[in-house]
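Next come the chains, spelled out residue by residue.
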Amino acid sequence: MTESPAIEIPVIEMVRPMPGFPDHRRFALVQFDASSDLCSLTSLDEPDLRFLVVPPSAFFPDYAPEVGDDVVEDLGIGEAADVLVLVVLTPGASLEETTANLAAPVLVNPATRRAGQVVLDELGLPVAAPLLG
Amino acid sequence: MLVLSRRAGESIVLGDDITVTVLEVRGDVVRIGIDAPRSLKVHRAELLAQLEESNRQAASPSDDLVAQLSEALGRDRD
Numbered sequence: 103m104t105e106s107p108a109i110e111i112p113v114i115e116m117v118r119p120m121p122g123f124p125d126h127r128r129f130a131l132v133q134f135d136a137s138s139d140l141c142s143l144t145s146l147d148e149p150d151l152r153f154l155v156v157p158p159s160a161f162f163p164d165y166a167p168e169v170g171d172d173v174v175e176d177l178g179i180g181e182a183a184d185v186l187v188l189v190v191l192t193p194g195a196s197l198e199e200t201t202a203n204l205a206a207p208v209l210v211n212p213a214t215r216r217a218g219q220v221v222l223d224e225l226g227l228p229v230a231a232p233l234l235g
Numbered sequence: 024m025l026v027l028s029r030r031a032g033e034s035i036v037l038g039d040d041i042t043v044t045v046l047e048v049r050g051d052v053v054r055i056g057i058d059a060p061r062s063l064k065v066h067r068a069e070l071l072a073q074l075e076e077s078n079r080q081a082a083s084p085s086d087d088l089v090a091q092l093s094e095a096l097g098r099d100r101d
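Going down the list, the protein sequences come from chains A and B.
If you count the first sequence from 1, position 35 lands on 137 in the working numbering, and the numbers rise without skipping.
If you count the second sequence from 1, position 28 lands on 51 in the working numbering, and the numbers rise without skipping.
Bound conformation, chain B alone (with noise of 0.2 Å):
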């Protein structure tokens, strides 16, 4: 991991068309600005694990589990 230290205000450029520059530090909170092409997708690492987590819970339930859903859901609508 290449690390570098930068001071509120600072920035570094990542290859040709992405920059993170450090807003502000305050405590241990700080905050980052990201300025890069729309396609670029940037997610924070926690959300990405949690839905990853999610996925993974929600993956493959039983089939009586499943038909137990259906029904509770076909009955809710009534």
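Isolated chain A, as found in the complex (with noise of 0.2 Å):
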């Protein structure tokens, strides 16, 4: 099994806040541990408020979000392979109850350290889809 590199950025720039914390713009990313990719994103205005995230790749292999050029310019997106997508998980009693939002996406440009919850309105993605598919 390969370690996939440790995620830690001290300081991210939330330029599209995240709906429900519209004051909440500067958060800490950082993994949990190297056994799995969950990472936490704690507000550093109120270190009681974090969110759980993962990259989705491992459990929606075929998602793909496209974003508008008005992302791009937001998060300062040079390539686009750069970009970390991260989903927002909302954990249940157990694995199987533990959702995922695929419909607002976290995007982290780590160069840039400019992030935002980007909300992909037109394509239907659902709000809390099942994290075990």
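Errors might be hidden in some of the hints.
[Said to hold, decoys possible] Covered stretches of chain A, going by a simulated chain B footprint (3 or more residues, C-beta under 8 Å): (1) 125-139; (2) 148-158; (3) 166-173; (4) 179-188.
I should point out that these hints are in silico values taken from the structure, not numbers from a laboratory.
Yeah, the Cβ is synthetic: ideal placement off N, Cα and C, and Gly gets one too.
With the hints as a guide, dock the two chains, each given alone in a separate frame, to form the complex.
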């Protein structure tokens, strides 16, 4: 098993804030441990506020959100491949009951440390997709 | 709230560069076309409400839940 590189960005700026949390602009993104891709997205303004995020590729291999030029500009994206795509998890009592939000992925540009929860309105993607399909 | 009556094919203009056109009215469904700069975010109101609710539910899970999920995901990957 090859370990993916640890994700740790101490300060990211949420240039497109998370719906419901418009005032939280600065977050830290930290991978919990090497055993899984699970990361915490913790508000630097309110340390009690955190989200669980995970790269979707292992669970939703066909998921490839397309974003507009406005997002590319907001995040200062040069190469699409450089962007970290994450989905927000709503943990249930078990892994089977845990859901992922595919309608609004969190995109992070590690180079500029700018991020946003991007609303993919037109595609009709689920807000609560079971993580295990 | 400003209320205007429009027929299919008619538009309203918001500011300098936004045009909203009623494309079709069929029963209780109205199809609307929006011509606006790409920088303007246009979303269905109920989707935004759904996302707010989803984010609120997702926010700040307990340490127990996080540990459980982290372990399950680690196991899942092996």
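Hint-by-hint comparison with the structure:
Residues of the segment 125-139 of chain A with a Cβ under 8 Å from some Cβ of chain B number 5, which satisfies the need for three, so the listed coverage holds. Against chain B, the segment 148-158 of chain A contributes 6 residues with a C-beta closer than 8 Å to a partner C-beta. That satisfies the three-residue criterion, and the hint holds. Taking a C-beta to C-beta cut-off of 8 Å, the segment 166-173 of chain A contributes 3 residues in contact with chain B, enough for the three needed, and the coverage statement holds. Counting residues of the segment 179-188 of chain A whose CB lies closer than 8 Å to any CB of chain B gives 0, which falls below the minimum of 3, so the coverage claim is violated.
Of the numbered hints listed earlier, the single one contradicted by the structure is hint 4.
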